[in-house]
Amino acid sequence: MIIANKADFFAVVPTLRESEIVIPGTDKKVRLREMTVGRRIEYERLAKDKSEGEMATLLLISSAVDMDGNPLFSHEDVDALNSLSLNIFPPFMKALEELNSLSVEAVEDGEKK
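Quick note: to get this note's numbering, add 161 to the position in the sequence shown (first position is 1).
Check each hint, because a few of them may be wrong.
Stated by the list, open to error - In the BS3-like style, the derived pairs of lysine-lysine whose C-alpha atoms are separated by at most 25 Å in a straight line are:
# : residue 1 : residue 2
1 : Lys211    : Lys255
2 : Lys255    : Lys190
3 : Lys189    : Lys255
4 : Lys255    : Lys209
Treat the hints as calculated values from the structure; they're not laboratory data.
Note that the structure is predicted; figures quoted are calculated from it, not measured.
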């Protein structure tokens, strides 16, 4: 079927994918959502010339949502997130790479630019 107009296009665009990840060492979960195009552009702009750890924090800020789908974190939370144990990030990063079509190579390439 060929899309006839803009309204038809936006009517068939799939919803953003989500995943719930257990916070290591707890029974609590965080909901992660695939980034929109706008969030991805913002992430890439902010992640330029950042370390791997800073990029992980930015990815979490860009993708974690509350039960209503609103952003769970903001850029004001960077210091608090950076103070957490590094051990909580690997499960989030794996899910975020899948949800946002990122690869380890893409993240590393972003670091080199």
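Quick rundown of the hints versus the structure:
Straight-line distance between C-alpha atoms of Lys211 and Lys255 comes to about 19 Å, which keeps the hinted pair within the 25 Å bound. Annotation: proposed proximity of Lys255 to Lys190 holds, straight-line Cα distance about 15 Å (limit 25 Å). For a cut-off of 25 Å, the pair hint linking Lys189 to Lys255 stands: about 18 Å separates their Cα positions. For the hint linking Lys255 to Lys209, the alpha-carbon distance of about 20 Å falls within 25 Å, and the restraint holds.
Violated hints for the displayed structure: none, as all numbered hints are satisfied.
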